[in-house]
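**Q** Please build the complete structure, drawing on both the sequences and the hints.
Sequential numbering from 0 applies to the sequence shown in numbering that gives the first Met the number 0.
The set of hints was computed from the structure by calculation and includes no laboratory data. This one's a predicted model, so the numbers in the text were calculated from it and none came from an experiment. Using N, Cα and C, we set each Cβ at its ideal position, and we do this for glycine too. Don't take each hint at face value.
What the hints assert, rightly or not - Derived Cβ-Cβ restraints for the label pairs, each shown as a range:
hint	residue 1	residue 2	range
1	I42	S62	35 to 41 Å
2	R37	R77	19 to 25 Å
3	R30	R72	27 to 33 Å
4	T61	E22	30 to 36 Å
5	E22	H52	16 to 22 Å
6	R71	V2	33 to 39 Å
7	L54	N3	38 to 44 Å
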Amino acid sequence: MVVNDERVVLGLLRAEELRKGDEERVERVMRPGPSTFRPYVSIDDINNFMTAHDLPNCPITTSDGRLVGLIRREDVARATRP
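**A** Written out as structure tokens, the structure reads:
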């Protein structure tokens, strides 16, 4: 996850982007801002989105885009178990 000094999510940097070269600037190789969720979104909504898009995790941000945390698929599965 790429954030600025104010912890606003700017983009996503995966291993394959890191292999593009030592001299590349992060802003040139990162993927634009990933989908984020607010803390008040239901676990069911996050679960549905993660399942539909086959995501291992999703960032949680404030309304102004500041990173609060990261929710993992395992966390969602644990929270939705009967």
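**Q** Where does the structure disagree with the numbered hints, that is, which hint numbers, in rising order?
**A** 1, 3, 5, 6, 7
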